[in-house]
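Going line by line, the protein sequences match chains A and B.
The numbering used here applies: residue 1 is where the first sequence begins, and numbers increase by one.
The numbering used here applies: residue 112 is where the second sequence begins, and numbers increase by one.
Please keep in mind that the hints were generated in silico from the structure rather than gathered at the bench.
Since the model is a prediction, treat every value here as computed from it, not as a measurement.
Don't take each hint at face value.
A few chain B residues that face chain A, going by a derived Cβ cut-off under 10 angstroms, partial list only [as the list claims (entries may be wrong)]:
hint, residue
1, Q152
2, E186
3, L199
4, G208
5, T211
When the alpha-carbon atoms are kept at most 27 angstroms apart in a straight line, the in silico DSSO-like pairs for lysine-lysine are as follows [to be verified]:
hint, chain 1, residue 1, chain 2, residue 2
6, A, K71, A, K15
7, A, K42, A, K57
8, A, K42, B, K124
9, B, K168, A, K5
10, B, K124, B, K168
11, A, K71, B, K168
12, A, K110, A, K5
13, A, K57, A, K68
14, A, K15, A, K42
15, A, K58, A, K42
16, B, K168, A, K42
17, A, K71, A, K57
Footprint (simulated), chain A over chain B, 3 or more residues, beta carbon under 8 angstroms [to be verified]:
hint, segment
18, 153-163
19, 191-197
Ideal Cβ positions, reconstructed from N, Cα and C, are used throughout, including at glycine.
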Amino acid sequence: QQQVKQSPQSLIVQKGGISIINCAYENTAFDYFPWYQQFPGKGPALLIAIRPDVSEKKEGRFTISFNKSAKQFSLHIMDSQPGDSATYFCAASRADNDMRFGAGTRLTVKP
Amino acid sequence: KAGVTQTPRYLIKTRGQQVTLSCSPISGHRSVSWYQQTPGQGLQFLFEYFSETQRNKGNFPGRFSGRQFSNSRSEMNVSTLELGDSALYLCASSPVGMNTEAFFGQGTRLTVV
């Protein structure tokens, strides 16, 4: 079922640094690309999302960059904080409502 | 506004038994999707319901089934449980479908022994 490839698997960043997580997708029918944040014992929480007609979207410290021709998108977390330590999932979905998730990136932000 | 509610939070079942999980979506949301999350396979799509109709189904055996009621609440059932069914089962609700904002519940942790 894997149609969204996510990297890296794990990431360690110093407090104040930039965290970057990358995803690539295969199916050009995907038209919605969200990022989810998941803490242990919790369900995934919607962080930010983008559609392919936009190349970048920023919400606070979180930015999605989208490259439609390369079929890639990435999440940038600026000024990373220890409270950002969590697992991040990229996803892609299409009009027939089938959302596919990347394998996840475990982010650790060191104080 | 209340979030997505899944019950129960934890379940322990014996191999061969069946189990029913429940999901109450956000008020006004008509689409409910179910996912299985395991360390090895990640988040895998089970099925999606909209207005009591299954619109899409993932690649899971027929032992996994679901339904949606007129109030948009949804249930999923797993029959003849296997050890490999141990997972976190997540429900997501959205206004019209998973290519719009979708919100997850906290999940039901199922352990099959």
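How the hints compare with the structure:
At a threshold of 10 angstroms, the smallest CB-CB gap from Q152/B to chain A is about 9 angstroms, leaving the interface hint in force. Proximity of E186/B to chain A is violated relative to the hint, the smallest CB-CB distance being about 17 angstroms (cut-off 10 angstroms). For L199/B, the interface hint holds, since its Cβ comes within 10 angstroms of a Cβ in chain A; the closest pair sits about 8 angstroms apart. Nearest Cβ of chain A to the Cβ of G208/B: about 4 angstroms, under the 10 angstroms cut. The hint holds.
The interface hint given for T211/B is met, as the beta carbon of that residue sits about 7 angstroms from the closest beta carbon of chain A, less than 10 angstroms. For the hint linking K71/A to K15/A, the alpha-carbon distance of about 30 angstroms lies beyond 27 angstroms, and the restraint is violated. Between K42/A and K57/A, the direct Cα distance comes to roughly 26 angstroms. Compliance with the 27 angstroms bound is thereby established for this hinted pair. Restraint check: the Cα-Cα separation between K42/A and K124/B comes to about 21 angstroms, which is no more than 27 angstroms; the hinted pair holds.
A threshold of 27 angstroms between alpha carbons decides the hint, and for K168/B with K5/A the separation of about 21 angstroms falls inside it, so the pair holds. Restraint check for K124/B and K168/B: the C-alpha separation of about 25 angstroms stays at or below 27 angstroms, so the hint holds. A distance of roughly 25 angstroms separates the Cα atoms of K71/A and K168/B; the hinted pair therefore holds under the 27 angstroms criterion. Among the hinted pairs, K110/A with K5/A is consistent with the structure: their alpha-carbon atoms are about 26 angstroms apart, no more than 27 angstroms.
Of the supplied pair hints, the one linking K57/A and K68/A holds, its CA atoms being roughly 14 angstroms apart against a limit of 27 angstroms. Distance hint between K15/A and K42/A is fulfilled; the C-alpha atoms sit about 23 angstroms from each other, no more than 27 angstroms. For the hint pairing K58/A with K42/A, the CA-to-CA distance comes to about 25 angstroms; that is within 27 angstroms, so the pair holds. For the given pair, K168/B sits about 24 angstroms from K42/A by alpha-carbon distance, which is consistent with the 27 angstroms threshold.
A C-alpha spacing of about 16 angstroms is found between K71/A and K57/A, which places the hinted pair at or below 27 angstroms, so the restraint holds. Counting residues of the segment 153-163 of chain B whose beta carbon lies closer than 8 angstroms to any beta carbon of chain A gives 6, which meets the minimum of three for the stated coverage. Using a Cβ-Cβ cut-off of 8 angstroms, 0 residues of the segment 191-197 of chain B lie near chain A, which falls short of the minimum of three, so the contact claim is violated.
Comparing the model with each numbered hint stated earlier shows that hints 2, 6 and 19 do not hold.
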